[in-house]
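Below, each chain spelled out in residue letters.
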Amino acid sequence: MEYSLGELAARLGVRLVGAAECRVSGVGSLDQAAPGQLAFLASAHYRKHLAATRASVVVLAEDMLAECPVNALVADNPHLAYARAARLLNPSPEVRGGVHPRAVVDPAAAVDPTSWIGPGAVVEAGARIAAGAFVGPNCVVGADAVVGEDSRLEANVTLCHGVELGRRVRLHPGAVVGSDGFGLANDGGVWERVPQLGSVRIGDDAEVGANTTVDRGALQDTVIGRGVKLDNLIQIGHNVEIGDHSALAACVGIAGSTRVGRHCTLGGGVGLAGHLEFADNVHFSGMSLVTRSFQEPGYYSGNLPATDNQSWRKTIARLRRLDDLARRLSVLENRLSAYEKARPLDGADFE
Amino acid sequence: MEYSLGELAARLGVRLVGAAECRVSGVGSLDQAAPGQLAFLASAHYRKHLAATRASVVVLAEDMLAECPVNALVADNPHLAYARAARLLNPSPEVRGGVHPRAVVDPAAAVDPTSWIGPGAVVEAGARIAAGAFVGPNCVVGADAVVGEDSRLEANVTLCHGVELGRRVRLHPGAVVGSDGFGLANDGGVWERVPQLGSVRIGDDAEVGANTTVDRGALQDTVIGRGVKLDNLIQIGHNVEIGDHSALAACVGIAGSTRVGRHCTLGGGVGLAGHLEFADNVHFSGMSLVTRSFQEPGYYSGNLPATDNQSWRKTIARLRRLDDLARRLSVLENRLSAYEKARPLDGADFE
Amino acid sequence: MEYSLGELAARLGVRLVGAAECRVSGVGSLDQAAPGQLAFLASAHYRKHLAATRASVVVLAEDMLAECPVNALVADNPHLAYARAARLLNPSPEVRGGVHPRAVVDPAAAVDPTSWIGPGAVVEAGARIAAGAFVGPNCVVGADAVVGEDSRLEANVTLCHGVELGRRVRLHPGAVVGSDGFGLANDGGVWERVPQLGSVRIGDDAEVGANTTVDRGALQDTVIGRGVKLDNLIQIGHNVEIGDHSALAACVGIAGSTRVGRHCTLGGGVGLAGHLEFADNVHFSGMSLVTRSFQEPGYYSGNLPATDNQSWRKTIARLRRLDDLARRLSVLENRLSAYEKARPLDGADFE
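Protein chains in written order, with numbering that gives the first Met the number 0: chain A, 0 to 350; chain B, 0 to 350; chain C, 0 to 350.
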C-alpha cells in the first residue's frame, strides 16, 4: 500500500514536518530503510542512526525533531504511531469466505459464509465460526467451541470442545486452548484424573502465542481477559484468570486458580504458584518464581543474573556457608561484649 | 447422568448422611453449585463456603460433617471420592469404532474395528491401533507405533515411529512422543547428529500433557512408567526413565539418561540435569534446578521466591558482596584476638 | 546394513585392532550389545562395562585399547566415530519423490519431483520445495516459504509464510518457524500489535527441535546460523541471531534482538534477555538467567542447585537477613575501633 505523508499524518493524528505530497510504500529500520520507506525512532539507543537515515520520513518524538534530516511525523508515542503506520502500509490480506474442499466441517457446525475454513481444518459438531473468522490449515475446532468475529486460528491450532473466543482473537500456530487441566486425586499412591468440566473463555483482541497451552477449568472456566497478549510456549493452568490488557512474555507458567490482575506484565520464564492473587499493575521480572500473592501494584523480582563461572562458584560457596558466617559473627559479638563488660570503656577499672 | 445419593454412596463406597432418594445430575463448586448438584470440600481453605452451600450433597471428611447443612457423603479422601462421583455424573463419551473417510490409514497398519481414527489423522505402515483406542483429528501415528487398548490421542498429536503406548494412555493435544533425542557429537566445532535408535515406551494409565515432548532413546528406550502424569510443555530427554505413579507439573525439563523414581513429584518448571538418579518418593519444589542425584526420599528445593524489586536488589547486592563481608569478619576476628592476647581478661596485666 | 570391520575402519578413517573380516549389522550399548553389534566407549563413566562387553567391536580411544577384550576401532573422537558408524549401519530411508493424494499443494507452489509431500500436508502458493526435501504428514508450508534441498519437516510442523530453510535442515514434530514476534505498542494501557514484517532464515544443516518456536523478525529477519542445533521447547524471539554451530538445550528462551555468537552452548532452561550480544564460544550453564552481554569467550552461570528443604530454608532465611548480618558486622567494627582507640594496644595507657 502507498500513502502520501499528508494522508498518513491525518490518519495517524500526528503532526507532519516536511513534504505532505511525499509518498511512502513500506517501512524499514532507521539504519536500513531506503527512500520511499518510513522508519521510526522510539528509543535513545537508536538515536545514533538518525543523522544518516535514508528513510523518506521518520516517526519520532518532539525532542528528536531537531536532529531529523528528513521528513518527520511527530508523535507523543512514536512506537504506537509507527505500529499503526506499518499496518496501513502493510494491510493484512482480507479473509475470503469459504470452506476449502479438504476441510472437514461437521454438518452440525455453524460456519458463517464470510469466514474461511482452510485445508485440513476440522470443525466438529456444534461449533460456531463467526463472520470474518479464519481457521487456518490443519486446525481443529472441537465440538461446541465458538470462534468470534474476525478471530484467527493460524495453523495447526487445537481449540478443544466448548472453548469460547471473543472477537479479533488470534491463536498462533500450535496453540492448544482448552485441554484438560492437571487435576489429580491420589488413591494410596496412584493418581486418578479429576474430570475437568469447566471451559476456557478468551476476551476480545486477546492473543495466544505459538505452542502456548491454556487449560480448561476444573469446574468454573479459565478466563483470559480482553486484550491479553500471551507470547509463545506459555502454560496457563486450570481456573487461572488473567485480567484485561496484561502481557505475558514467553515461557511463563501459571499454576492453577491463580488470578493475575489487569495491566500486569510478566517477564519471560516467570513462574506463578497456584491459588495466588495479584493486584492490577503488578510486574514481575524475567524468570522470577512467585510463591505468594502481591496485593500492591509495583515491580517484583526474584532472579539471579548470571556471571562468570568463577565468581559464581564463590558466591554459591559463600551462600552455602552463610550459617558459618552468622555463627562466627555471634561468637565475635559475645567475645567483644565480655571484654567490654570486664574492662568498660568508662574507665571504671582505671580508677 | 443422574444418580440417587444412595446409588452414589454405594458406587463410591462412602457413607451417606441424608436422603438416599435425593437425585443429583451434575457437579459444582461449594459456593456456586445449584440444587441438584454435588459439591466437595477437601481443603480447609474452602470451609467458609460450607454453611451457605446450595448443593444437594457435599462430599467431605468426617470432621466437617457437623457443619454440613445439606446431605453429605462422608469419605476418607473427599477429593478422590469427588473425582469418582464427577466421572460417574459426567461419563466420557463412548468411542465409536471406525475410520473417518478423511483419515489416511496405511493398508499395512492394523486398526482394531472398535477403535476410532478421526478426520485428518494419519496412521503409517505397521502401526497397530488396539481395541477402543481413539486417534483424534490430525494426529499422526508413525510407522510401527503401537497404541494400546482404550488409549487416546486427542488432537494434533505426533507419535513417532515405533513408540509403544500401554492401555488407557492419554496424549493431550500437540504432544510429541518419540522425536529424536538431542544426541550430538562434535567434529572440530561442527555438531553431528548421533542416530537415535531407541524408542519410547509408555506404561498403562500414563498421561502426556499438551505440547509436551518425549524424546526417543539413543540406544535403549526412554521409559514413562505406569500411571505417570506429565503436565503440559514438559521436555523429557532421551533415555530418561520415570518411575510408576510419579507426577510432573508443567514446564519441567529432564535432561538425558536421568532416572526419576516411583511416586515422585516435580513442581512446575523444575529442571533435572542429565545422568542423575533419584530414589522413590523424592519431591522437588517448583523451578528448582537439580544437578546431583538424591538417593533419600524427601523434599528438595533450590528456588528463590520473588519479592519487591527494592528488597531484591539489596539482597542481590549483598550476595555479590558476601566475599567482602567474610573478609571484614576475618579482619575483625584477628583484631579482637590480638587485643585479647595483649590484654587478656584473666587480669594478668593488672597484677 | 551390514559391514565388515575392515570396511568400517576404512570408511571412518580409524584404526582397526582385530579381525578385519568380522561383520557387524547394528549398534548397542557397551553393557547390552550382542555379538554382531558395535558399541562405543567415550566416557570414563562407562569404562566399567568394557571388560564384560559382548559387542563384536568397540569404538574407543587409544588409552582404553589395552582393556578392550574384543575387536577395537581406535579413534581420536570415539563419540564422533560411533555416530558415523551408527549412521552407516542404520541409514535413513531414502526420500521417495511424490505428492500424497491427500496432500494439498497449491498450483502456484513449486515442488521438486524428487521431494515428498506427505498425507495431510499443506503447501501454499509461492512455496518452493527443493530436491530431496521431505514434508511430513500434516505439516503446513506457508506462502512463499522455501524448503531447501534434502531438508525435512517431520510431522505437524508449521513453516510460516516467507520463511527460508537452507539445505539438510530438520524441523522436528510440532516445530513452529516464522510465527509473529511479540511486538507490542502501548496505547494508554491497551496493547497494539506491531506488524512483524521480517522473516526467518535458517542455515544449512541446522535443526529445530520438537515444539520449538522461532519468531519472525519485526523488520529484519531472525537468523539461525549454519549447523545450529536447537533442542525441544525452545523459544527464539524476533530478530534474534544465533551464530553458526551453536547448540541450545531444551527449554531455552531468548528474547528479541539478542545475538548469540558461533560455537556457543546454552544449557537447558537458560533465559537470555533481549538486546544482548555475546562473543563466540560463550557457554551458559543450565537455567541461568542472562541480563547483560558477555564479550569474552568463557563459561557463565547463575543458577542455584537444589538441596534438601531444611538446608534450603535456612539458606533463604540467611539470605533474607544478610542486611542484618552486614549491619551487625558494622556495629562490631565500630565497637572494636572505639575500644582500640580508647585503649590502644601500643601500650600508651600503660606508661
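Worth flagging that the hints you see were computed from the coordinates, not collected in a lab. One thing to keep in mind: the hints can contain errors.
Heads up, the list lumps identical chains together, so a pair's fine if it works in one copy or across two of them.
Capping the alpha-carbon separation at 20 Å, the derived lysine to aspartate or glutamate pairs in EDC-like fashion look like this [stated by the list, open to error]:
| id | residue 1 | residue 2 |
| --- | --- | --- |
| 1 | Lys313 | Asp323 |
| 2 | Lys340 | Asp307 |
| 3 | Lys340 | Glu295 |
| 4 | Lys47 | Glu6 |
| 5 | Lys47 | Glu276 |
| 6 | Lys47 | Glu66 |
| 7 | Lys47 | Glu1 |
| 8 | Lys340 | Asp30 |
Lys47 and Glu66: within-copy, between-copy, both or neither at 20 Å Cα: Classified as within: same-chain Cα gap 10 Å, cross-chain 64 Å, threshold 20 Å.
Between the shortest in-copy and the shortest cross-copy C-alpha distance, which are at most 20 Å for Lys313 and Asp323: within, between, both, or neither? This pair counts as both: shortest intra-copy Cα distance 15 Å, inter-copy 12 Å.
20 Å Cα threshold - placement of Glu6 relative to Lys47: neither (28 Å within a copy, 61 Å between copies)
Since the copies are identical, ignore which copy is meant and state whether Lys340 and Glu295 lie within 20 Å (CA to CA) inside a copy, between copies, both or neither. neither (47 Å within a copy, 48 Å between copies)
Regarding Lys340 and Asp30, is the shortest C-alpha distance of 20 Å or less found within a copy, between copies, in both, or in neither? Neither. Shortest intra-copy (72 Å) and inter-copy (64 Å) distances fail the 20 Å Cα cut-off.
Treating 20 Å as the Cα threshold, decide for Lys47 and Glu1: within, between, both or neither. neither (28 Å within a copy, 63 Å between copies)
Reference check for the pair Lys340 and Asp307, CA-CA at most 20 Å: within, between, both, or neither? neither (46 Å within a copy, 41 Å between copies)
I want to check one pair: Lys47 and Glu276. Are their C-alpha atoms no more than 20 Å apart within a copy, between two copies, both, or neither? between (43 Å within a copy, 18 Å between copies)
Violated hints, in rising order: 2, 3, 4, 7, 8; the structure is consistent with all others.
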